[in-house]
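Spelled out from the first residue to the last, the chains are:
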Amino acid sequence: MIRSSNKFKWRHKHLLGLRELTREELEFILDTAEGFENISTRSVKKAPPLRGKVVVNLFFEDSTRTRISFGLAASRLSADVVEFTKKSSSVSKGETLIDTARNLEAMGIDTIVLRHGAGGAARLLSRSIDACVVNAGDGFNEHPTQALLDVYTIRKHRGSLDGLKIAIVGDISHSRVARSNIWAMTKLGAEVILVGPPTLMPSKVNDLPVTVSYDMDEVIEKVDVINMLRIQFERMGGNLFPTIREYARFFSLTVDRMARAKSDLIVMHPGPINRGVEIESEVADGNNSVILQQVSNGLAVRMAVLYLVNQAAANKAKGK
Amino acid sequence: MIRSSNKFKWRHKHLLGLRELTREELEFILDTAEGFENISTRSVKKAPPLRGKVVVNLFFEDSTRTRISFGLAASRLSADVVEFTKKSSSVSKGETLIDTARNLEAMGIDTIVLRHGAGGAARLLSRSIDACVVNAGDGFNEHPTQALLDVYTIRKHRGSLDGLKIAIVGDISHSRVARSNIWAMTKLGAEVILVGPPTLMPSKVNDLPVTVSYDMDEVIEKVDVINMLRIQFERMGGNLFPTIREYARFFSLTVDRMARAKSDLIVMHPGPINRGVEIESEVADGNNSVILQQVSNGLAVRMAVLYLVNQAAANKAKGK
Amino acid sequence: MIRSSNKFKWRHKHLLGLRELTREELEFILDTAEGFENISTRSVKKAPPLRGKVVVNLFFEDSTRTRISFGLAASRLSADVVEFTKKSSSVSKGETLIDTARNLEAMGIDTIVLRHGAGGAARLLSRSIDACVVNAGDGFNEHPTQALLDVYTIRKHRGSLDGLKIAIVGDISHSRVARSNIWAMTKLGAEVILVGPPTLMPSKVNDLPVTVSYDMDEVIEKVDVINMLRIQFERMGGNLFPTIREYARFFSLTVDRMARAKSDLIVMHPGPINRGVEIESEVADGNNSVILQQVSNGLAVRMAVLYLVNQAAANKAKGK
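Residue numbers (the numbering used here), protein chains in the order written: chain A, 1200 to 1519; chain B, 1200 to 1519; chain C, 1200 to 1519.
The hints are simulated quantities; they were obtained by calculation from the structure and are not laboratory data. Incorrect hints may have been included.
A pair holds if it fits inside one copy or across any two, identical chains being indistinguishable in the list.
Straight-line alpha carbon distances no greater than 35 Å define the calculated DSBU-like cross-link-like pairs of lysine-lysine that follow [what the hints assert, rightly or not]: (1) K1515 to K1244; (2) K1355 to K1403; (3) K1461 to K1355; (4) K1355 to K1245; (5) K1386 to K1208; (6) K1364 to K1461; (7) K1515 to K1386; (8) K1386 to K1421; (9) K1285 to K1515; (10) K1515 to K1355; (11) K1245 to K1515; (12) K1285 to K1244; (13) K1364 to K1208.
Looking at chain A on its own, in the form it has when it is part of the complex:
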C-alpha cells in the first residue's frame, strides 16, 4: 500500500508547519497519501498500522470539519480517537495547554492533533512532550494538513505543481491556510500570487516568495489554480473590511469572471463556503471546482501524516 520503493526516510515525529519542510519531504507525504487514498475505495475502509494507538483531537477552537477529518483518518488506521474540545479555555495560558497535554500523554496517548488560537502553540507543545504533535491550525501561523491536501489535489490533476500560476484570494493576513499554502506551493515549484484588498495583505508580504495583486480581474485570466479563502464574517465591521457587497464585487469568484479564466482553471476553497460571498454557487458546484475533492483528499493526507509521525516516533524509540 505504501510506496516502499521510495528510498526517503521520514524522520519527523511532529508536523508543525510546512515552512521547515523540504520539497523532498513534502513529496514523500503526498506519495504516502496516494497509497492511503485507495483504502477509501475498498469495501472495508480500514488499515491496521495504528491499532492500539490513541490519537487525541485537542481543539481549543471549533472546527467540526477538520476534527472529523482527523478522527476518520485515525479511525481508518485503526487508532482509537479521543475528543477533547476546550471551548472556553483561556488561550493565553501556555502552561494550561502543556499541563493538559502532559496529562493526556500520561494516559498513554500517542498523538496530539492540536488546534489552538495562538500561533506557535503546536511548536511549544512539541518541546514539552514525547507524544507526536500534529498542528491542525495555530493562530495566524500555519495549517499544514490543509495546504497538503490542497497541493495533493492540484498534483492529482496536473501531475506536478512545477510552473503553475496559483492565486490565493481573500483575507491573506489572517489566514493560516494562505501561509501554509505559500510554503507548500512554492517549494513544489509553483508561482503564487496573493490577491485581495491592501488592508488584508500581511504586513511583511515582501519577505514572502510571492507576488501581490489587488486586481482580481487581471489575475483571473492568467492563473492555473485559484484558491478562494473563506471570508471570516467575525472580522467584518472593523476598518479592515468594507461591506460584504463591496468585497464581493471586487474579489468574488463569479460566473462572469470564470468566463474569462483558462478553461481548465482549478477552483479551490478550504471550506466552509459562503455561497454568494467569496464564490458564486454556480462556480462552487461547477466543473472547474475541486472543492469536495479537497475534502476527500484531506482524509488520505491526514492518514499519511498520522502514519508517518507515528512511524518516526517508533523508529526513534527503537533508537534507529
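Given the coordinates of chain A, work out where chains B and C should sit on it, guided by the hints.
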C-alpha cells in the same frame, strides 16, 4: 442470522418515512430486526456486516436517547460512528444542511442519520447526496424508526397487529411519532384511534386512516394497545393547552383508568416519561408497560435499518 | 496477564466506595491493575476481555480528565464507550437519574460510570439497575478510583503502605478524594494526618481514623507521602476561606517546605494543579513528584475495576 429464506428484496437505500412503504416492506424490516435482536443476548454483542463503514449522527436537534441508540446499533454492526451535533445551526437554511452533508460524504461517510427541525429535511438530503439517509425525526413529519420499534414491540407480544385497536394519546398535531405510528400500524392491519383535546388534533385529521376521540375514558376500555405521547412542556402556555393539571385529569394514564382497561392492555410511551403528567409512575413501571422493551427493541430495529439501507446501496453500486 | 494464582474471588459488580471494602479486596484490585499496567507498554495497547461490552460515561458534572481516563481504560479492554454528559441536568431529581440509567440499560449497556453531584447517587443507582455501576465521584462522598490510583502509586514506590505516614492537605471537608483516600490508606496500614485550616475540616472528623493538624510546617518534616488537594476556587469568597495568598502562605507545598521534608517524600496531587497556589511549579515538576505517574496508573486501576465488576456480573449471571 438474517432470515434469508424471505424471498423479498429490499431496494431502498434511504429510510425517509413509513408512509411510502408497503406492508411487505414493513414486515421485512421487522423480520430483519428479529434476526439482529439475538445479538443483544450474546456475550460478544457484535456482528461484522458494516465493518469499515462510517455512520454519522447528524443531529440538528437534541436527542440523546435516539442518538445513542443509533450509535450503539451502528457500533454493534462494527461500523464507526461520527457524532455531529449542531445545536445552534440555522435550521431554515436547507443549503447549509446539504453543504454539511456533502462534505461528510466527501470524507467517505456511508450513512447519515439525520434529526432536523424541518419536515422534509431527510427527503431533501436524500436527493442531494449518494450516501444513505436515515430519518431520525424531521419536524412534525415522521420518525420512522420510533414507529418501527413500536410495531415491533406489539408484534412481539401479539404475533400480529391485524385487528388490534390502538389508541395514540396526546398532542397528535405536533407529533412525528404519532404520524409514523399511524402509517405503520394501519398498514399492518391495526385500527388506530387518536385521543386528545381538539386543539391538539391535526387539522387534516379526516385525511388520515384513523378515528378520533376526545374521551379517554371511553377509549380506555376497548383498546388493545395505548401509546401515550410525551407532553412537550415547551408548547404549554399558548392557547393550545390548558394547565398540566387539567390535561392530566382528562388524558393521563392513571391507575384508575388502568382498572377499567383490558387486563392485557399493552402500555407504550416513546420516552422520556413525564411521570405523573401523561402517565402515572405505577402504570409506567407496571406489568402492562413495555416502555423499556421499546427501548431495547429500538436497537434491533435500528440495526436492521442501517443494515438494509447499506445493503441496498451496495447492490445499487454493483448495478444489481 | 492477570495473576490467576491469587485465590481471592472478586464478588462485587459495583464499585461504589472504598469504605466498605476489606484490605484483601483493595489489594486484589491493585494486583489486578498491575497485570493491566503492562498493556500500556505493549506496541498494541489492547486486551480483549470486554469486547462487545458497552461502558457509558454518565457524567452529570464536568470532568474531562476522569472521563477520558475511564474511556481509554474501557477502550483498551476492547469495550465500546458511550459518552453521556448532562451538564444542565437537575441533580436533585434522583428519579431522572434512574430513568436515564434504566433507558441506557435497556439499550444493552453493561457498565455505567457515574459522576454525580449528589453524595450517594452511585449507590442509589446500583439498587435500581442490573448493569454494573462504577462511582466516578459522588458529591462530597467518595471518588474510589482516584484513591485506588493513589495507593497504587504509593505501593509501587514503597512496596507497601504499612506504617507510612501520609498527610492529606487542603479543603478536606468538601473533598471526596480525601474521603476515599482515608479509607484506602488506613485499611492498607498507613497513618493519615489531615492538614488544613479548621474551617475546612469535616465536622465529624473525630469519627474518622485519622489525626488532624493545622500546622503544615510541623507535619511536612515527618511524613512519607503528602497528597495536596486542589483548591476549588469556586468555593473561595465565602467565610470558609481567607484569600488565596493567605491560604498559600500557610498550606502551599513550596520549595522552602520541601527542603525540610524527608528526602524521599512522595508528592501527590489529584490534578488539575493550580500552579503557585496549593503547590509551587518547581515542586510539582520536581523529583519527588509522582503526579503524572498517578495519571498513568489511573488507567491501569480503571481497567482493573471495569474488568472486575464485569467479571462479577458475568459470574452472577451464570449463577456462580
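Taking the hints in turn, this is what the structure says about them:
{"no.": "1", "hint": "K1515 to K1244", "verdict": "both (29 Å within a copy, 19 Å between copies)"}
{"no.": "2", "hint": "K1355 to K1403", "verdict": "within (32 Å within a copy, 56 Å between copies)"}
{"no.": "3", "hint": "K1461 to K1355", "verdict": "within (18 Å within a copy, 65 Å between copies)"}
{"no.": "4", "hint": "K1355 to K1245", "verdict": "within (23 Å within a copy, 37 Å between copies)"}
{"no.": "5", "hint": "K1386 to K1208", "verdict": "within (19 Å within a copy, 55 Å between copies)"}
{"no.": "6", "hint": "K1364 to K1461", "verdict": "within (11 Å within a copy, 69 Å between copies)"}
{"no.": "7", "hint": "K1515 to K1386", "verdict": "within (27 Å within a copy, 44 Å between copies)"}
{"no.": "8", "hint": "K1386 to K1421", "verdict": "within (21 Å within a copy, 63 Å between copies)"}
{"no.": "9", "hint": "K1285 to K1515", "verdict": "within (31 Å within a copy, 41 Å between copies)"}
{"no.": "10", "hint": "K1515 to K1355", "verdict": "both (32 Å within a copy, 28 Å between copies)"}
{"no.": "11", "hint": "K1245 to K1515", "verdict": "both (26 Å within a copy, 22 Å between copies)"}
{"no.": "12", "hint": "K1285 to K1244", "verdict": "both (30 Å within a copy, 26 Å between copies)"}
{"no.": "13", "hint": "K1364 to K1208", "verdict": "within (30 Å within a copy, 53 Å between copies)"}
Going down the numbered hints, you'll see the structure goes against none, and every one checks out.
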